[in-house]
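> Protein chains in written order, with numbering that gives the first Met the number 0: chain A, 0 to 453; chain B, 0 to 692.
Honestly, the hints are just simulated from the structure, not real lab data. Quick reminder that beta carbons are idealized off the backbone N, C-alpha and C, glycines included. Hints may contain errors.
[Said to hold, decoys possible] Below, simulated BS3-like cross-link-like pairs (lysine-lysine); rule was C-alpha separation at most 25 angstroms, straight line:
#	chain 1	residue 1	chain 2	residue 2
1	B	493	B	611
2	A	5	B	607
3	B	611	A	5
4	B	433	B	493
5	B	36	B	136
6	A	328	A	365
[Unchecked claim] Simulated restraints, written as ranges between beta carbons of each label pair:
#	chain 1	residue 1	chain 2	residue 2	range
7	B	529	A	59	30 to 38 angstroms
8	B	586	A	59	50 to 58 angstroms
9	A	203	B	586	40 to 48 angstroms
10	B	323	A	210	52 to 60 angstroms
11	A	189	B	125	36 to 44 angstroms
12	A	203	B	537	52 to 60 angstroms
13	B	551	A	49	35 to 43 angstroms
14	B	322	A	406	40 to 48 angstroms
15	A	189	B	340	52 to 60 angstroms
16	A	203	B	184	53 to 61 angstroms
17	B	606	A	49	29 to 37 angstroms
18	A	189	B	162	35 to 43 angstroms
19	B	209	A	210	52 to 60 angstroms
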Amino acid sequence: MTTVFKDTIAAISTAPGPAGIAILRLSGPDSLAIADSVVRCSGPPPSQRAGGTFLHGRVVHGEEEIDEAVVLIFRAPHSYTREDVVEIQGHGGQAAAQRILQTVLAVGARPADPGEFTRRAFLNGRIDLVQAEAVADLIRARSDRAAAAAVEQLEGRLSTQLNALYDHLMAAVADLEASLDFEEGELPPSVLTQTDAQLAAAEEEIQLLLATWQEGHLLRDGARVVIAGQPNVGKSTLMNRLLGRDRSIVTHLPGTTRDTIEESLILGGIPMRLIDTAGLRDTSCLVEQQGVTRASISIDQADLVLYLIDASQPVSVEAHTTLSRLAPKTTLLVQSKVDLVKEIPEPPDHRYEIVTCSASSEDGVKSVRDALFARLGQMDTPPHAVISERHRTLLQLAQACMVEARQLASEDEALLVPAADLLRSALDHLGSITGRTYTSELLDAIFSRFCIGK
Amino acid sequence: MNYDIIIVGAGHAGCEAALAAARMGMQTALITMQPDKAANMPCNPSIGGIAKSHLVFELDALGGEMARNTDMTGIQFRVLNTRKGPAVQANRAQCDKQAYNSRMCAVLANTRHLEIIKGNVVDIDIQDSAVTAVIMKDGQHIPAKSVVICAGTSLRGSIHIGEETTPGGGGDLPAANQLGLNLHSRGFRTARLKTGTPPRLHKDSIDYDRLVIQPGVEPPPFFSCTVKKLSPMFHVEHPPTDADLLSMFHVEHRNPRVDHTQTRCAGSTPNNQQPTTNSQAVSSDLDVERWMLDVGCSHFPPELMPWQPGGDQMPCHLGHTTEETHRIIRENLNRSSLYGGQISGTGVRYCPSVEDKIVKFPDKPQHHVFVEPEGRSTDLVYPNGISNSLPRDVQREMVRSIPGLEEAVIVEWAYAIEYDFVDPTQLTHTLESKSIEGLFLAGQVNGTTGYEEAAAQGFMAGVNAALKVQGEAPFVLRRDEAYIGVLIDDLVTKGTDEPYRMFTSRAEHRLLLRQDNARFRLWEHAVRLGIVDSELVVETERFASDIEREKQRIETTRHGGSTLLHALRQRGMTYAALEGRQADLDPVVAEQVEIWARYAGYIEREQKEVAKRRGMEDVAIPDGIDYRAIDPLRLEAREKLDRIRPETLGQALRIPGITPADISVLMVIVGRRGTTTESTEDVRVASTNGMRT
């Protein structure tokens, strides 16, 4: 059997959404070595263990412990892909799985493309003939979807930024390559000094793009939706209704919820983190004070606040003051307990979108669900371009190449070739995002910039 | 007479093809319309330059003639890119145009198994999709097992000077219109390309005081191992006596052979064909193979060594155009063939005509003009940089607006040439036609430009034609082995829509493909082909082991607290200046050790890259896949794959317009064909695993 693939891929194999465990899968020649460097366990390291066994250990990133995990060892060819495969079953759910992914990427794995494990499975002869046919169609479908997504992105802002970055880097590379491929007399003398400035500018652009990764959490982890309000306005009841189960303890006593409670929820396909908070009030109870402080922090970090006011009670001055500090753009004003009143009172402030709810029945929270869905649907489009996990990895690789290339180029003219080769790798990484290829564009770039040739 | 191989055309591709095939023992005929114009240089008589020089070194390492011919007839030698590291360093030599041509004629005329036939090939004979003969203008068929067409720019060539258009093949050679039309009718896709050349000036009509002199380099940097090996002899204080020479070489081994030129030609040529008609044919006791292939010999016939190689170099001179030059060109643009509408073919971007430079870069106030000699015994000089297709009166006015050329006498007019080239994606990596077995195409006919690019293809086509006749496996160089590999893979995979010239940036692994290590990286191939002189092969092997030994020594030997390797790594350090060096180490070995010390880390990284890519490169795509029937492929991908018929997945990925998603689908097909047996157990497990990704 020939192993075609020399690199090792990684992906979270479990579906997104709340779950007790999440599985990260590694496949490729370095799987076991990567496992060795991220898993601490008693007894022999993963690479010293037999295929078909598992071990219990801790996943670490450097010194930092990330998760407790069960690690399954599959040795080639007895694995799904017929390569060495390691599965890391984390106990911390999705967020921890993301961090495990980051960790294995940092030590040499590459994020898997859609369908890539299966592609390896059949290329390595794992899947029989009939299945191979089916998989070809599957890949076709996947790549078409990917193509559609790529087109969407191409029209989008991220793409504009990435293409601008690519162009700037390409211009610098064209200058550098021209200085290698043509005699000195044929080029303007300033070529190489310009190159360094161009590279510095491109590095800054990469930095800006990388910064958007944090802000891309809406797409990756879901929006943070915080349920807030005075004590005993029905926050926990609403939380349980939205989750469809009793998660928060509900009593008629004000101040029952003293800590923030956080749960994942997917509503109409939109992922979110739903956070129930302690009722906001001045209190002498130290524990409740802590809860109130946490609630305030949660509100500050929220992408959307569901601010509850009790429709059966007059709105307190305190409640009014809190409300007025919330931005209408990121707030839904929820009048709760409307089943207790004959006539819904006039809302205290008309700048906010208002929904009513009666959390005592399933139907009573429908309007809240609808409003949430509508709001988050709009929010799903982030305020500016953000990059995905894959983009981030590729941008970081490109950045590392550029930093080293600049250093070599400035160190010694005799190192211009290795520098140019690094920049070529940087362009290859960026090209994996934008779908552009280096070789077809380089000569065009050179000849559009210089009058070269005798 | 039955030939194994017939070469059509005696340009730089044809000469290398003919010599390679004959030297591999094939009965070879080289058919040309003008035998005395072999290896003619219709443009600048210069060989080498950045990336082109790499091709020449590789040819020399494999057994080509171009490097030796250049070294023996060069009148100025230079090294380019000296400060930018060994990977892009390049030699360039200005040759004596006439000597280059006549020396090549002498080599051809005195090569065993090679016959030169004067004639005009107009067609090829094909039976069962295989070539069987070439057809001459008079209708005669000359049979051969393989045919290599090296038609250069002659296929339907037309020469443009201003509004005037005349048929011609360039460099005063006739056009080959019938062959061009017949190839087209045999189903070859062809298109038009354009190139051009500047006027030639009389050397005595130039005011050299107004130009900047550019001398050659001493000692002259040679291309060929042969001349490098000989050169220490040239640099003795006094001219060597015969006794010196005799003691230097192993004359006792020399074994003068009987005249085989005459026995070979007598009665062995076909009817109506003139036997070898080389006007410069050399004395018949000259054993060229012995001379060329065994460096040891006692005398140097002037036909093969017209002067001491590298001796008495001639300078070039540098001038520049002026605003006035540009005004003249601008005002007469509509009278140029290029801008007047006569020319439709695509030109060369990196070797633009002066009209193109003025139009495309209007802000540049002046352009370089290099005044370069065409030879020792000619009155012509070549003003490099003012190639054009302007009418004669404008050419004269334009030339005379250049400082130093005010009184210049134009001896030959500048012209543009338009010609047919054959889309090279119709060829395999051996340069054999995909549709007609035994038919090879090489050189400028494949859409390239440059003598070096042509020679490289000619050599590879000649070698592969020979291997085919011998029933041996083909000889293909990978992209990570040689620029020749990059050149041919680019041509047959991507095709070209402008004259293709080699650049270092076309190669993925420049640090590995240096001109200094050509003989080492291609050594095993040279052994296989058996063309290179065995003495040189042994020398290369010896150098290689010396290099390894010295690497180990400097890694482990300490001097003044650090290893010699550490000391040699310091910037600006050379082996010659290294304390603790081996004084008697051959400079070739020292050079390799020095480069290794400096670049080892980068070279290792490059080798890892190569290994990574090798995965895809090594997955062969089986023959006979019906791409049109693979539904999951996009229509565009189906068409392109069907047309190019890539040989590996790596090549498929390089086809313009083929996406990684297409490759995924292709992998299924290849993987499926690759797995013939599956145990039932595996199938069962696979199905339970389902399609999860």
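> Would you mind marking each hint as holding or not holding in the structure?
These are the hints, each one checked on the structure:
1. 493/B to 611/B: 22 angstroms, holds
2. 5/A to 607/B: 10 angstroms, holds
3. 611/B to 5/A: This hinted pair holds, its Cα atoms lying about 6 angstroms apart.
4. 433/B to 493/B: Holds: residue 433/B and residue 493/B sit about 15 angstroms apart, inside 25 angstroms.
5. 36/B to 136/B: Judged against 25 angstroms, a Cα distance of about 20 angstroms means the pair holds.
6. 328/A to 365/A: Status holds; Cα separation ~21 angstroms.
7. 529/B to 59/A: 30 to 38 angstroms: 59 angstroms, violated
8. 586/B to 59/A: 50 to 58 angstroms: 53 angstroms, holds
9. 203/A to 586/B: 40 to 48 angstroms: Given range 40 to 48 angstroms: holds, Cβ gap about 47 angstroms.
10. 323/B to 210/A: 52 to 60 angstroms: At 55 angstroms between Cβs, range holds.
11. 189/A to 125/B: 36 to 44 angstroms: 57 angstroms, violated
12. 203/A to 537/B: 52 to 60 angstroms: 57 angstroms Cβ-Cβ, so the 52 to 60 angstroms window holds.
13. 551/B to 49/A: 35 to 43 angstroms: 40 angstroms, holds
14. 322/B to 406/A: 40 to 48 angstroms: Given about 42 angstroms between the Cβ atoms, the range holds.
15. 189/A to 340/B: 52 to 60 angstroms: Violated - the Cβ-Cβ distance for residue 189/A and residue 340/B, about 38 angstroms, lies outside 52 to 60 angstroms.
16. 203/A to 184/B: 53 to 61 angstroms: 59 angstroms, holds
17. 606/B to 49/A: 29 to 37 angstroms: 33 angstroms Cβ-Cβ, so the 29 to 37 angstroms window holds.
18. 189/A to 162/B: 35 to 43 angstroms: 41 angstroms, holds
19. 209/B to 210/A: 52 to 60 angstroms: 58 angstroms, holds
Hints 7, 11 and 15 from the earlier list are contradicted by this structure; the remaining hints agree with it.
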